[in-house]
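Please arrange chain B on chain A, whose structure you already have, making use of the hints.
So the protein lines, in turn, are chains A and B.
With the numbering used here, letter number 461 in the first sequence gets 461, and the count goes up by one each step, no holes.
With the numbering used here, letter number 3 in the second sequence gets 1003, and the count goes up by one each step, no holes.
Any given hint could turn out to be false.
Derived pair list, reagent style DSS-like, types lysine-lysine, alpha-carbon separation capped at 25 Å [stated by the list, open to error]:
| # | chain 1 | residue 1 | chain 2 | residue 2 |
| --- | --- | --- | --- | --- |
| 1 | A | K291 | A | K103 |
| 2 | A | K284 | A | K250 |
| 3 | B | K1134 | A | K385 |
| 4 | B | K1132 | A | K385 |
None of these hints come from the bench; they were simulated from the model.
Values in this document were obtained by computation on a predicted structure and should not be read as measured data.
Residues per chain are reported as follows:
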Amino acid sequence: MDIFSGILGGFAASLSLANLLYCFIGVFIGTLIGVLPGIGPVGTISLLLPATFHVEPVSAIIMLAGIYYGAMYGGSTTSILVNIPGEAASVVTCLDGYQMARKGRAGAALGISAFGSFIAGTLGVIGLMFLALPLAKLALKFGPPEYFSLMCVGLTILTYLARGSMLKALSMALVGLLLSFVGIDAITGLPRFTMDVVPLMDGIGLVPIAMGIFGIAEVLINLEEVLRREVFETKIKGLFPNREEWKRSKGSILRGTIIGFFLGVLPGGGAAISSFISYGVEKKLSRYPEKFGTGVIEGVAGPESANNAAVGGAFIPLFTLGIPANVVMAVLLGALMIHGMIPGPMLLRDHPQIFWGTVTSMYMGNAFLLLLNLPLIGIWVKILKVPYRILFPLIILFCLIGAYSLNSNTFDILVMLIFGLAGYLMRKFGYEGAPLLLAYVLGPMMEQALRQSLLISYGSFTIFFTRPISAVALGLAIAMIASYFFPFFKKRRLTVEEETG
Amino acid sequence: MVSLSNHYRLTLIVMTIMKTIDTFSSLFLILLGSLFSVGSFRLGIGTVNAPGPGLIPLGTGALLILFSLATIVEARLGKRVEEKNPLFQGKRWGVALSVLIALFAYVWMLDILGFIVTTFLTMTILFKISEKQKWKTALGVSGLTTASAHFLFAYLLKCNFPRGFLGF
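Chain A with its partners taken away, still in its complex shape (with noise of 0.2 Å):
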């Protein structure tokens, strides 16, 4: 299928009014959820997974991407409003956004977010289209020992850019993969780890995990918090940026997509990174660096394009091999399997109206957030002020009645309630969900790899060096490994050093 034939196969599934309403919702609910603060993407698509068993299996991820890239956008309204960001990757908005407001350009703040992110995220969704049919092609040849060491390197690359300790966060995806063992075992019809425990002979459920530890625990860390939110009090005028405003953001927004799209694809990349070294890149390219977190526009423009071209990126891998670069894709790859289909190149062959109606979509999408964000704007302020204490209760019973609604039986509950005691135990001891989830999701299919790969060889582990492709994903990893030992060992030597001599 060539790629214009399928533009307008996309174009036909995501233009009719069921679509676009779910594509609507999506993006409602994202931008909802990105104000919010207390619930990100992962718990919203988690919790709303269920609800999307009955309706096709493209609209479902039509409406679950929908609230990932709609949460990049309302995360930026609290970052230039309240300075509190709403998502993760809204973090660096704070910096220039807030003082932008400070400063009464509140409204050009929000302007060039959302105008950024539209630019951005349109045209990661064009790279998306062009990067993903020659990588699916060429996927297609890849075996069970190319796809073991790629999802290898992707879990490596994931604990490498984690936030602290990457032994913990390699920790944590062992304990994904161990969890993903529990249930009955594909290959021999043996039941594992069940603990004679029936509910648990289909699995832990992927749906209980993710609300528990991005739902549940996020409410109970943000609970210790006095959460003080000052919405700030300033008449939003004038969302047009003004021309010196766009010729300054100019370069910075296509900086950023250009950032955001490719630390997408990597595994573990994603949007927080990538609005990170945006920023970081145009402080650095800047004439005047030194006013960088002052309310300079430059310093919103760039992050918030970078996260949303990010998201574009994000669905390479998942569309064209079946692995997750993050663990938002980790949890639509779970939406896709539950509605029967097998993520990775086949997709693209057997099932091209998913690919193509979730692409076509995200333009679509786009422009409704750009409608949802400007001028609705005192809407979601007023949503900001919603205090924390009648909203909490509110995404608790959200979870609650989410989780029982799966089986219509409280395990499931009892699963996420004790995944959300995890959850904010890790937050707590200094350990990552992200690795966790995404090798919870990624654990059979890595088995199964494994054991096929073993199968083809005889036994020998050779295979995984012999191949070309494979010995350089593994290679990868193993050097991410060592590179996290080898300035460790070489600094306790120099303080070694230090005391003896």
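Only chain B this time, still in chain A's reference frame:
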């Protein structure tokens, strides 16, 4: 000078706490890895040529034990002193704990008292827990929330919520 030495002492305390919590959390993960490894042995390891259902979980569990041991070593050598988060100090962790207890009670009571009663009770507690809220307000908001949730999910979306011994 006094404040400097105080600061030094505080840093030392924080470092010790970090070491302790890293050790504790790693010990927990080592236990988890061991449990999975023992379970894997029981399932059957097979051989590399013909892997049994326990082979890959065993490898994963072993790696988890290894990385957790490395985390302990790393914490003992005091590599990461920059990461100091006083665990429960100055935080309203009591609120978080009470919410968790309320939620576990929710699961336990749901099948006994039914969706409407349990949700109403739990929501009232949650609305009351976080900040000073009048009982009247908490009860009112909770009633409204429970009624809307029941209308939306049970009536419109046809979720089958458990009925309690009271019949609703």
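Now for the hints, and whether the structure bears them out:
Between K291(A) and K103(A) the CA atoms are separated by roughly 14 Å; this keeps the pair inside 25 Å, and the hint holds. The suggested pairing of K284(A) with K250(A) holds, with an alpha-carbon distance near 16 Å, which does not exceed 25 Å. Pair hint K1134(B) plus K385(A) holds up; C-alpha atoms about 20 Å apart against a cutoff of 25 Å. Only pairs whose Cα atoms come within 25 Å are accepted, and K1132(B) paired with K385(A) is accepted, the gap being roughly 18 Å.
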